[in-house]
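Taken in order, these protein sequences are the chains called A and B.
Here the working numbering is used: the first residue of the first sequence is 3, the next is one more, and so on.
Here the working numbering is used: the first residue of the second sequence is 1115, the next is one more, and so on.
Because the hints were derived from the structure by calculation, they are not lab data.
Here are some chain A residues pointing at chain B (derived, C-beta under 10 angstroms): (1) I35; (2) G36; (3) G39; (4) V54; (5) G63; (6) G67; (7) G68; (8) T75; (9) D76; (10) D80; (11) G81; (12) G84; (13) F90; (14) A137.
To spell it out: a stretch of chain B is covered by chain A in this simulated footprint if at least three of its residues, at any positions, have a beta carbon under 8 angstroms from a beta carbon of chain A; those stretches are: (15) 1151-1165; (16) 1171-1178; (17) 1207-1221.
Listed next, with one range per pair, are the computed distances between beta-carbon atoms: (18) B:P1150 - A:G36: 15 to 25 angstroms; (19) A:L8 - B:K1118: 41 to 51 angstroms; (20) B:R1220 - A:G97: 33 to 43 angstroms; (21) A:L8 - B:D1183: 37 to 47 angstroms; (22) B:K1192 - A:G114: 39 to 49 angstroms; (23) B:R1266 - A:E136: 19 to 29 angstroms; (24) B:E1188 - A:F50: 10 to 20 angstroms.
We treat Cβ as the ideally placed atom computed from N, Cα and C, and that holds for glycine.
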Amino acid sequence: MATAKLYFEDVKGDETLPSFQLTVTRTHIVKYIGAGGDFFPIHHDEEFAKSVGLPSVFANGLMHGGMLTRVLTDWAGDGRVGRYKIRFASMVWPGDTLTFAGHVVKKYQQDGANLVDCELSVVNQKGESAITGEATVTLPTRK
Amino acid sequence: MAVKKEMAGMKMEEFEFPVERGKIKEFANAICDPNPVYRDREYARRQGFPDVIAPVTFPVASSFQMPSDNYVLETSLKLGMDPGKSVHGTFEIIHKRPISAGETLRGESVIGNIYDKEGKRGGKMTFVEMKQNFYDEKNELVATISNVFIERA
Chain A
3 MATAKLYFED VKGDETLPSF QLTVTRTHIV KYIGAGGDFF PIHHDEEFAK
53 SVGLPSVFAN GLMHGGMLTR VLTDWAGDGR VGRYKIRFAS MVWPGDTLTF
103 AGHVVKKYQQ DGANLVDCEL SVVNQKGESA ITGEATVTLP TRK
Chain B
1115 MAVKKEMAGM KMEEFEFPVE RGKIKEFANA ICDPNPVYRD REYARRQGFP
1165 DVIAPVTFPV ASSFQMPSDN YVLETSLKLG MDPGKSVHGT FEIIHKRPIS
1215 AGETLRGESV IGNIYDKEGK RGGKMTFVEM KQNFYDEKNE LVATISNVFI
1265 ERA
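Chain A with its partners taken away, still in its complex shape (with noise of 0.2 angstroms):
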């Protein structure tokens, strides 16, 4: 491997994770279904959406849950992640402006791999949690 990104000597315990905002369009959310496959009428089809009773379509939550995973590549670099984990909290929709952040919660030394656990979470304009999520880094040591 070339120069890792980071390495574990470099973590602090509860060193803050580069976080982004983005507010969602229905373009994004019909992107992500076109790229992810989930067709589920109540995430593109707005008469369907409607018919249930929900005011338009909402995002799939994989499209936010996969542009999580940014907070954690851009600051761990790539190919470090183990383990990722989310827990959809509430619904996002189109106009929402989101929020994705994370910090470290725990960093040690398992079955000789050196290990970061990290907290994420995807926030709304409002302040309501859209996703909680967990995840497992592996990095490397500078020796």
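Position chain B relative to chain A; hints supplied.
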């Protein structure tokens, strides 16, 4: 109708999942991640990967390679679930190693655990886990997906 708990552990489908460079780029575009490791083969190789690698949640896109048209919906119905009363609770993926373009994985869809819990506001909730395992050409497990759906009584 009660969820058929006896289906826990049952293998539902098996399929081939070719990991294609163009599909990886399309998926990376869809999750708005500009990282060149998902697009530029030379960049990926300089990092020690054989080709561009797949984003963390990319194996989700294997849905296009499954025999069923809508696996989750069809499987929910086979399990006796009511799709109108169930929500997607959690998604988890375990990677044993990064997945690269040019590999052909073998996917299998399996029913995981099925169990009941009492809801916080009363009422029974049934948790249904749907898993996908992905194996490489050497038949080694490279990734596992676990989706949990929750049905309220």
